[in-house]
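From first to last, the protein sequence lines stand for chains A and B.
Numbering-wise, the first sequence is residues 621 to 935 according to this note's numbering.
Numbering-wise, the second sequence is residues 346 to 529 according to this note's numbering.
These aren't lab readings, by the way, just hints derived from the structure by calculation.
Distance condition first, Cα-Cα at most 20 Å in a straight line; then the derived EDC-like pairs of lysine to aspartate or glutamate: (1) B:K490 - B:D431; (2) B:K490 - B:E357; (3) B:K354 - B:E487; (4) B:K488 - B:E357; (5) B:K484 - B:E361; (6) A:K680 - B:E361; (7) A:K680 - B:D431; (8) A:K884 - A:D716; (9) B:K398 - A:E828; (10) B:K398 - A:E830; (11) A:K848 - A:D823; (12) B:K362 - B:D483; (13) B:K362 - A:D651; (14) A:K848 - B:D431; (15) B:K362 - B:D465; (16) A:K626 - A:D716; (17) B:K490 - B:D465; (18) A:K884 - A:E787; (19) A:K848 - A:E828; (20) A:K903 - A:D823; (21) B:K490 - B:E361; (22) A:K680 - B:E357; (23) A:K653 - B:D390; (24) B:K398 - A:D651; (25) B:K354 - B:D431; (26) A:K680 - B:E427; (27) B:K398 - B:D431; (28) A:K848 - A:D651; (29) B:K362 - B:E476; (30) B:K484 - B:D390; (31) B:K353 - B:D431; (32) B:K398 - A:D823; (33) B:K484 - B:E357.
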Amino acid sequence: MISFLKMLLAAFIFPGFLFLSVYSLVLDFIDRKLYARMQNRVGPPWYQPVADFFKLIGKKTLIPVEANKMMFRIMPLVSLAAVAAAFLYVPVLGQDAVFSFDGDLIIVLYFLTVPPIAAFLAGWYSRGVYATIGATRILTQLFVYEVPLFISLLAPTLIAGTWSISELTAFYAAHPLYALINLPAAFAALISFQCKLERAPFDTPEAETEIVSGALVEYGGRLLAFFKMAHSCELVLVISLFSAVFLPFMTGYVFADFLLYIVKTLVILLLLTLMRVSMARLKINNVVSFCWKVLAPVALFQVVLNLVIRGSLQI
Amino acid sequence: MTNVNLIKKAIEWGTEKSPWIIHFNAGACNGCDIETIDSLTPRYDLERVGILKQGSPRHADILVCTGAVTLQTRDRLIQIYEQMSDPKFVIAIGTCACTGGIFEDCYCVTGGIDSVIPVDVYVPGCAVRPEAIISAVDKLLEKLKNAEKDENQQKNAEKIEEKTETAKNGEETAEQKEEPKNDA
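The following block holds chain B by itself, in its conformation from the complex (with noise of 0.2 Å):
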C-alpha cells in the first residue's frame, strides 16, 4: 500500500513540476497569440519552471486557447480537447477568449472558449501580457495542489464531464431551459 501512495504523490508532484502546453488560436487577431509566444521566448524562460511548448496535443497537459470560438474553429476546438489525455486542463488567454469580447452576438461566434470547452484559468487583457500568462499557469498550478488536498477532484471531474455534455448539446438544453418559463 505504501508503494502505491508514494508512486501516487511522485505522480501528483510530476504533474505539478512539468506542464506541457499546447498553443491553439480558436480565431484570435493574433495580439495574444504574439504574446504567448513571447512568454515562451529565452528573456522569460519557462523552462525554469518546467513548460514545453509541444507540438502535439497528446503530449500536452494544458491547452492555451485565445481568441473566440468561431464556427470554422468550433469543431477543431472540441477535437484538439478530446486528443488530450486526461489529466487536462484549458486556460483562456485575452478578453475574446473569456467572454468573446467585441465579437459577442457577431453571427459567425459562438462566443468565449468556456461555450465550448470547459475552462480552468481565465486571464483578461486585450492584449494579454506574458507576465500575466506566467501568472495564469502558475495560478492554475495551486489550484491543482489545493484540489488535491481537498480531494475534491471526483467532484470536480463530475462537473467538467457535465459541462462538456451540455456543450455538445448546448443548442437543446437551451431550449429545454426556455419551456418552463413560457409556462410560467
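Here chain A stands alone, though its shape is the one from the complex (with noise of 0.2 Å):
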C-alpha cells in the first residue's frame, strides 16, 4: 500500500507530472529570455509563461464548423499525456528514473513520436487549408528525424550493453570517459531534437510568415493551451533525455545530482535556443536533404565506431 501512495506521489507530484509543468514554464521562460537577450532586447518578465497560459485557459473555445469534434478536442490531451508519461521513464533524481525496465529507451522514443503525430491529426481534422499543409509539413519532417534520432539514440546502447535509459545512465557514470566516445551521435540528436521539437532552424511546419501558424491555426483558447502545455513539456523531456544518454556524470549524492541535472539542462537549453536565434529558417526541401545526406551518416557512423569499441574492448 505504502509503496502504491509512493508510486503515486512520484508519478504526480515530483518528479512527475506536477514537476514536469512547473519546469516546463521555467524553461520556456528562460528561453525566450535567452532568445530576447541575444537580440538585444529586454524580453518577458519571469510569470509570461504561466501569464499565457491562465489567459488561453479562460479564453473561450471555438471549434470550426467542418472539423472532427471529437479529435479536435481529444489531440491536445494525447499529446500532453503521452509526453507525461514518457517523464517517468527519464531519470531525474540521481540515475533512477521512476519507472524502469530493459527497453524503455525504445519506449520513450515511441512515446515522443506521439505528439507530431496528434499535432498531423488535429491539422488534418480542422480541415482548414494552412492546417492541413502545417499537418503534412509535420509528416514529412518526422519521417526524415526519426531515423538519425533513434539510430543516434540507440547507438550508445551498444557499448552499455542495455536498453533501459537509468541503467544506460548507471553504466556511462561509471566510465565517464566512454561517454565522450558518443559525441558525434551527440551532435546529431541534438539537432535532431531541434527538428522534433520544430524550432529554428527547422519550424517550417509552423512557418508564421508562410503559413501562418501550420497545423494549430484554427486552434484557440482552452485546446490551444493544453498543446502550447504539451509542447513546453515536450522540450523538458527531450532535454532530460539527452542529458541522461549523453551527459550521464553524476556525484552520487542525490541532491548533487539533482543541481547537476539542473545546470545540465539549462546548458542544453543554451545550445538550442542559440541554434534557433542565429539560424533562419530552411524550406522543406532543404530539411529532407539535410537530414538524410548529415545527420543519418554520422548516426551510423556512430553505429560502426561503437560496434568496433565494443568488440575491441571486448566489454
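Dock chain one against chain two, each of which comes alone in its own frame, and use the hints as you go.
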C-alpha cells in the first residue's frame, strides 16, 4: 500500500507530472528570455508563460464547423499524456527513473513520436487550408528526423549493453570516459531534437510568414493552452533524455545530482536557443536533404564506431 | 468556492498580462501599417509587457486594425473578428480607421472600423507613432481592469452584441430611423 502511494506521489508530484509542468514553465521563460537577450532586447518578465497559460484557459473555445469535433478536442490531451507518461522513464533524481525496465528507451522514443502525430491529426481534422499544409509538413519532417534520432540514441546502448535509460546512465556514470565516444551521436541527436521540437531553423511546419501557424491555426482558447503546455513539456522531456543519455555524469549524492541535472538541462537549453536565434528557417526540401545527407550518416558512423570499440574492448 | 474565485482571478490577471495581437489592414495607405510593425521591433520590445504578434485570429486577443474599411475588405474584417474567441478587443489605428479620414464619403468606403465592428480604443494620427500604439494597448488593459472592478462587463457585452447586430443590418436600421422623421 505504502509503495503504491509512493509510486502515485512520484508519478503525479515529483519527479512526475507536477514537476514536469512547473519546470516546463521555467524552461519556457528561460528560453524566451535568452532569445530576447540575444536579440538585444529586454525580454518577457518571469511570470509570462504562466500568464499566457491562464489567459488561454479563460478564453472561449471555438471549434470550426467543418472540423471533426472529437478529434479536435482529444488531440491536445493525447499529446500531453504521451509526454507526461514518457517523462516517468527518464532519470531526474539521480540515476534512477520512477519506472524502468530493459527496453524503456524504445518506449520513450515511441512516446516522443506521439506529439507530432497528434499535431498532424489535429491539423488534418481542422480541415483548414493552412492547417492541412502544416500537418503534411509535420509528417514529412517526422519521417526525416526520426531515423537519425533513433540511430543516434540507440548507438550508446551498444557499448553499455542495455536498453534501459536508468541502467545506461548508471553504466556511463561508472565509466565517464566512454561517454566521450558518443559525441558524434550527441551532435546528431541535438539537431534531430531541434527538428522534433519544430524550432528554427526547422520550424517549417509552423512557418508564421508563409502558412500562418501551421497545423494549430484553427485552435484557440483552452485546447491551444494544452497544446502549448504539451509542447513545452516535450522540451523538458527531450532535454532530460539528452542529458541522461549523452551527459551521464553523476556525483553519487541525490541532492547534488539534482542540481547537476538542472545545470545540464540549462546548458542544453542554451545550445538549442543559440541554434534557434542564429539560424533562419529552412525550406522543407532542405530539411529533408540535410537530415538524410548529414545527420543519418553521422549517426550510422557512430554505430560502426561503437561496434568496433565494443569488439576491441571485449565489453 | 474559493478555488473557483482563485482561478477566475488568475484568468483575469493572465488576460491583463498577456495581450496577443493580430494586425489587419482594412484598406490603409500602409503608413499606419509600417508604424504598427515598427512598434513590434526590438527597439520597442513589446514582449516586455507580454505582447506577441500572432498569425492566426483564433490565437489573438486584440485586433489591431488600420485604414478605412473598403467594400472589398468589409466581409473579411467581419469574418476575422468573428473567428477571434472571447474576450476580444479592437484597436483602431490612425485617423482613417477612427472616422474614415480623407476617404470619408468615398464611393467604395463604408467609413471607420466602427461602421463594421465595435471598437474599444481609437488612436488618431496620420500616421500614428509607435509610442501612441503602445499607449493605446496600455489604455485598453487599464480599461479592462476598471471594467472588471465595476463589474459592468455584462452590460458592455450586451452593448457590443447589439452593436454587431446593428452593424450587420446597418442599412435596415438606417431606413427605420429615417421613417419617423418623414412622418414628423
